[in-house]
Every structure is written in C-alpha cells, then in structure tokens.
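Undergrad: Starting from the structure of chain A, add chain B where the hints point.
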Amino acid sequence: MKIHIIPMLLAAVLLSACSPPEPPQLKQGTLLPSAKAVADFQLTDHYGKPFTRENLKGKWSFAFFGYTHCPDVCPTSLAMLAQVMRILEKDNTLDVLPQTVFFSVDPERDTPELLEKYLPYFHPDFIGVTGDPQQVLLLTRQLGIMYGKAPGDNADNYLVDHSASIILFNPDGNFLALFGIPHDPGLIAQEFIAIKNYYEATR
Amino acid sequence: MKALIMAALLYGWSLPATADPAILVENAWVREAPPGAQMMSAYMTLKNTGPDDIVLASVESPAFTMVMLHKSVIVDGIARMSHQDDLLIPAGGSVELKPGSFHLMMPAPGERLRSGDQVEFNLIFADGSTTRVQAGVIKKP
Numbered sequence: 001m002k003i004h005i006i007p008m009l010l011a012a013v014l015l016s017a018c019s020p021p022e023p024p025q026l027k028q029g030t031l032l033p034s035a036k037a038v039a040d041f042q043l044t045d046h047y048g049k050p051f052t053r054e055n056l057k058g059k060w061s062f063a064f065f066g067y068t069h070c071p072d073v074c075p076t077s078l079a080m081l082a083q084v085m086r087i088l089e090k091d092n093t094l095d096v097l098p099q100t101v102f103f104s105v106d107p108e109r110d111t112p113e114l115l116e117k118y119l120p121y122f123h124p125d126f127i128g129v130t131g132d133p134q135q136v137l138l139l140t141r142q143l144g145i146m147y148g149k150a151p152g153d154n155a156d157n158y159l160v161d162h163s164a165s166i167i168l169f170n171p172d173g174n175f176l177a178l179f180g181i182p183h184d185p186g187l188i189a190q191e192f193i194a195i196k197n198y199y200e201a202t203r
Numbered sequence: 001m002k003a004l005i006m007a008a009l010l011y012g013w014s015l016p017a018t019a020d021p022a023i024l025v026e027n028a029w030v031r032e033a034p035p036g037a038q039m040m041s042a043y044m045t046l047k048n049t050g051p052d053d054i055v056l057a058s059v060e061s062p063a064f065t066m067v068m069l070h071k072s073v074i075v076d077g078i079a080r081m082s083h084q085d086d087l088l089i090p091a092g093g094s095v096e097l098k099p100g101s102f103h104l105m106m107p108a109p110g111e112r113l114r115s116g117d118q119v120e121f122n123l124i125f126a127d128g129s130t131t132r133v134q135a136g137v138i139k140k141p
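Chains as they are written, first to last, in the working numbering: chain A, 1 to 203; chain B, 1 to 141.
Next up, chain A with everything else stripped away, as it sits in the complex:
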C-alpha cells in the first residue's frame, strides 16, 4: 500500500506547486478582488513634507483615519497598530517593514505640528498626514472611508464620526485589503503576512 501512497502524495505536491495559489482565507481582513489604484492627492506629513500617492509606493502601508481630539477609539486603534508593528518587527522573514500612516479626518484642527507631537507617542515610525480638507476628501472617497462632523458638548468641541477600518495598500500604492473592527493585532499581523505572500506569489 505504502508504495502507492508516496507517488500520489508526490503528484499532489507537484500539482499544487504548479497551480496558481489560492487567495488566503481571512478572518479579520477583506481582500479586494483586485487592487484598486488611487488617484493622486496632495497632503502634508507631520514633518511638513508633501505626502502624495508616491509615498505609498515601494513598501506596504497600513492606513488609519482618525483625529487627535478623539480620546477613545483613535488611541485604542493606534496602540493596536503599534502592537502589529512590534509583532512584525520580530519577524525575520520581512525584508522591509510596512509603514503606518494616520490620516487626519479633522484637518482643520490637526496641524502637522500637532501630529508631530502626537504620533511618535504610539510608535517612532508612525506618520501623521493632514492638509487641505478637499484633498482629504479626495483620498478618503476613493477608499470608501466616511467621516463627518458631529455636534459635541459645545461649539468648539465638535466630534468627528469616522470609519474605523484599517486600509492596507500594496507596494504599488494600490488599495488591496481592509481590516474591519474589532481589531486583533495578532490576527492583523498574521493576515498581513498571508496577503503579502499571496501578492508576491501572484505577481
């Protein structure tokens, strides 16, 4: 019996090596059927330098959309993304680490100077991006990210309702996957690796 099983196994291995890889099965993430190109946008990072579509190229990017006046959901999500980074930093198979970008959906209050103070608290490599509200809208509309001002406890203290999803851009700068809430850093790190391996195997 043994002699029959081994060639069969061998054939199965060879067959699977030749057929195109299956998309990864994801619990937390949603992979787009095909990566979506993003029209150019002109924003500013927390160092005061331009941040455009070009800054999303050459490496993987996690993007989160929030605002610094948000005391609950946004710090929770940014701390979670810092945990994802710490997990990935220990992974020796990664030649280049992904970047994490916080796009402000409250650009009137979130200046580059404020983001420069705020973002490194979570992780020294996190990038804060803000700028012209029209440009923020131009980018977010393409990604299905929604946000809007909501009245706060007084006029200067408005709140911003916003999509809590995390967007993953591939190294071509294209929108490839998103991670819905509730976020689990271990699962996001694991699924990021699965998505990256699939992307590299299907290029």
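By construction, these hints were calculated from the structure, which means they are not laboratory data.
Among the hints, a few may not be true.
Unchecked claim - Keeping only pairs whose Cα atoms sit at most 27 angstroms apart, straight-line, the calculated BS3-like set for lysine-lysine is:
id, chain 1, residue 1, chain 2, residue 2
1, B, Lys139, A, Lys117
2, A, Lys149, B, Lys98
3, A, Lys117, B, Lys98
4, B, Lys71, B, Lys47
5, A, Lys27, A, Lys49
6, B, Lys140, A, Lys27
7, A, Lys57, A, Lys117
TA: Quick look at chain B alone, frame taken from chain A:
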C-alpha cells in the same frame, strides 16, 4: 486670595460626601494621553449591589475643568461618540466603562498627566448621593 480659594476648594473637597454604599467602583483608570492630545478618557466598572436601580447623573474631578459621559459606538464600521445625559446602573447589575464603549471624556489639563499619576473623580448620582473614586493614569500598550 488665591490661597483662600485653594483652601475653600480643599475644604469643599474634603467635606464628607454622602457615599452611596450600593455602588462599588472597580478598575478605575485614566488613559495617558499622547502629547498634544486635547481630550482624555477614563474608564471604570460600576457595580450596583443594592435592590434599586441607580442613575449616575454627573461626574466631577478636581483634575479636570469638565467631565463628560460619552459612549463610543460602531455602526456599520463607523465610529461615533454620543453624549450621555446619565447612566443607569441596574439593581444587582453593573456597567463597564471601557475602550470602545461608555467612557468619561475630559479636556486634557495644561500640565500633561503621566502614567503613575493619581486622579480623583466624584460620581454624583440622581438621588444626590456621591462616591469618590481614585483612578491611576496608565499608558496602554
């Protein structure tokens, strides 16, 4: 004059509060805010050990100019914060103030609170009773 006000404040603060023995507060903490953050949040679990529902009407703190009761909700992937006028703690039940749900929101004080600092909150219930709570400032990983 300043000393007089301080003394009055301290005296006012040290007046014995009508503690509500039916409410047990556990795990009270304040999230250390990043530099530049204008708002902070605090969390705790309120347990009602009594036979009657209790309504939390407002919260005060000597550390903050204002304490608001908020709730974060996620509807269809959109995070929203809504102001709560009060909070019902059902008889024999408990309400957890936790990230992504009910929380206290406070404007960050001029001098940044750091992990290890202690803050006091005074919970004021609809029946006029009050409970004081000590909460440590914590940096969440």
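Undergrad: Could you run down the list of hints and mark each one as holding or not?
TA: Each hint, compared with the structure:
1. The suggested pairing of B:Lys139 with A:Lys117 holds, with an alpha-carbon distance near 16 angstroms, which does not exceed 27 angstroms.
2. Distance check on the hinted pair: A:Lys149 and B:Lys98 sit about 23 angstroms apart at the alpha-carbon level, within 27 angstroms; holds.
3. Using a Cα cut-off of 27 angstroms, the hinted pair A:Lys117 and B:Lys98 holds, with the two alpha carbons roughly 26 angstroms apart.
4. In summary, the hint linking B:Lys71 to B:Lys47 is supported, as the alpha carbons are separated by about 18 angstroms, within the 27 angstroms threshold.
5. Taken as a hint, the A:Lys27 and A:Lys49 pair is broken in the structure, with Cα atoms around 36 angstroms apart against an allowance of 27 angstroms.
6. Restraint check for B:Lys140 and A:Lys27: satisfied, since their Cα atoms lie roughly 25 angstroms apart, inside the 27 angstroms limit.
7. With a C-alpha separation of about 25 angstroms, the suggested pair A:Lys57 and A:Lys117 falls inside the 27 angstroms cut-off, and the hint holds.
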